[in-house]
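K.L.:
Chains as they are written, first to last, in my numbering: chain A, 1 to 164; chain B, 1001 to 1324.
Careful, some of the hints might be misleading.
To be verified - Simulated restraints on C-beta separations:
(1) Glu4(A) with Met1156(B): 52 to 60 Å
(2) Thr1299(B) with Asp124(A): 53 to 61 Å
(3) Met1156(B) with Gly139(A): 45 to 53 Å
(4) Asp126(A) with Ala1011(B): 22 to 30 Å
(5) Ala13(A) with Arg1197(B): 43 to 51 Å
(6) Asp126(A) with Arg1197(B): 55 to 63 Å
The hints are simulated quantities; they were obtained by calculation from the structure and are not laboratory data. All figures in this text were calculated on a predicted structure; none of them were measured in a lab. Glycine included, each C-beta is placed from N, C-alpha and C at the ideal position.
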Amino acid sequence: MTPEESFAEFYSAHKDRCLRALVAAGTDRAAAEEAVAEAFARAWASWPKVSRHPAPSAWVVRTALNHHVSRWRRTRREVALSADVAASTAGRAADPPERDDLLRAVAALPERQRQVVALRVFLDLDTRQTAEALDLAPGTVTAHLHRALTTLRATTAPDLEVCS
Amino acid sequence: MTTDLRTELSAAYADVALADPLDAVVRRGRRIRRARRARRVGPALVAAAAVVVGVTVVQGEDAVVVPGPIELVDYSVPAFPLSFDQLPAGLVGPSISADPSFDEVGLGAQHAGWSDPDDPDNSLGLGVHDDEPDTSGEDEVGEAEVDGEDATVYRMDVTGGPEAYSVVWERADDRWVRVSGSGRFGSEDAVVDLARRVVDRGMAVPLQVALAPRGWVVVAYKDDRILTLADPAGAPATEAAARTLTVHLPPSAIAPADLPTAVGSVVGPMEQVVVQGRPAHLLPTADGWYLQAEIPDGTAFVLQAPADFTPAQVVAVAEGVARP
């Protein structure tokens, strides 16, 4: 497989999941699209290195998160997450109300907890990979996930689990 | 029966999809590679750029002896790189600005704008970009040849606003240029005609410093109000960890007695110093130095510099702040 083919395969398989992870982690949709597209472009610019990364999608999301947090972009267009999620869910009449409640509860989590949940859910990363992507200690990731699930169970679904 | 977080969130975000086509991402990646290569051969390119508009990298020949860990050298801020060979009548400007690059310590997009004082709907813009400018939300309506390059014409539909068109092309030097027009310049013919009148003639940046740290680069400016340089050894100026030197002209000065409270995070006593023959006030803060001074016409300016500048170096840079 040529580098072009392997990158195309990677892009096709992961572009939407990476974007969903960033949006679920609390990034405004428009800013997330820009950040993820930029991160994939950087991935291609360094494909010989990134393709050997144990979790290239985690590399992309980390790059996108770093790209997004610049203060210039924050001042320009960051949208409050709660408002963004509320707006995006309001239009989906087909969604069951329990799902809306869950989305709002996720949106209300502290930033790091949201990021951990997003990476575990959408990228299917294990604790070590999540820790690397977010530059956290593995124990901190475990603690954030535990606290997030405890909060979500208490506020929305007592039977909530993260199934494989 | 359990509620599966993965299932619920995946369903909730099912319509969140990245629309960027693969070839656009690959092209963007190639530009990033080219920019990296250009940085590796930076000195040669800088010398070439100097012929036309000066250098963004501070490389003065004569060090100015102001003891301290930073070496200050003579400098003048490089010009906005392009202009029109002849500006249409009745416009005022330019208002020029530059945003910092997100990828490196350097300039990102630069923009010059002109408008008609009698009818602000009639406006003209000239942008210079390292990457292909974002045209999302605009309709591609035509193609043209500009300076031997293929250019694309876009129309922007602004509800209730004037007709707005732009033409975008990549120059041989890898920079992207965007000429935009609205009102009486808002037509395909008008923007293409204006695009063909773009020339490599610089326009002076109206806020200047006469001294700057050797090796630092200009990363942002806005008219005669803001100028920022950054240390290339630091992070890009879009990040909080960047090491920057910023001059800005606030709408009004802060009364000296109020400065410590207004500035905040002060970590030492405020000193009164003399800058350009006038009293000025220097405060050490947790984020570096904060100096409030005046240029000779009495306009206040603020200079912010990293903490490893000496007080004498902060004052020396401030001595050279000017609005020619």
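K.L.:
May I ask you to test the hint 45 to 53 Å on the CB atoms belonging to methionine 1156(B) and glycine 139(A)?
P.N.:
At 51 Å between Cβs, range holds.
K.L.:
CB of alanine 13(A) to CB of arginine 1197(B), is that within 43 to 51 Å?
P.N.:
Given a distance of about 47 Å, which is inside 43 to 51 Å, the answer is holds.
K.L.:
Evaluate the given range 52 to 60 Å for the C-beta pair formed by glutamate 4(A) and methionine 1156(B).
P.N.:
Violated - the Cβ-Cβ distance for glutamate 4(A) and methionine 1156(B), about 34 Å, lies outside 52 to 60 Å.
K.L.:
Please check whether aspartate 126(A) and alanine 1011(B) have a Cβ separation lying inside 22 to 30 Å.
P.N.:
holds, 23 Å
K.L.:
Lying within 55 to 63 Å: is that true of the beta-carbon distance aspartate 126(A) to arginine 1197(B)?
P.N.:
holds, 59 Å
K.L.:
At the C-beta level, are threonine 1299(B) and aspartate 124(A) separated by a distance inside 53 to 61 Å?
P.N.:
Once the Cβ atoms are compared, 58 Å apart, the range 53 to 61 Å for aspartate 124(A) and threonine 1299(B) holds.
Checked against the numbered hints above, the structure violates only hint 1.
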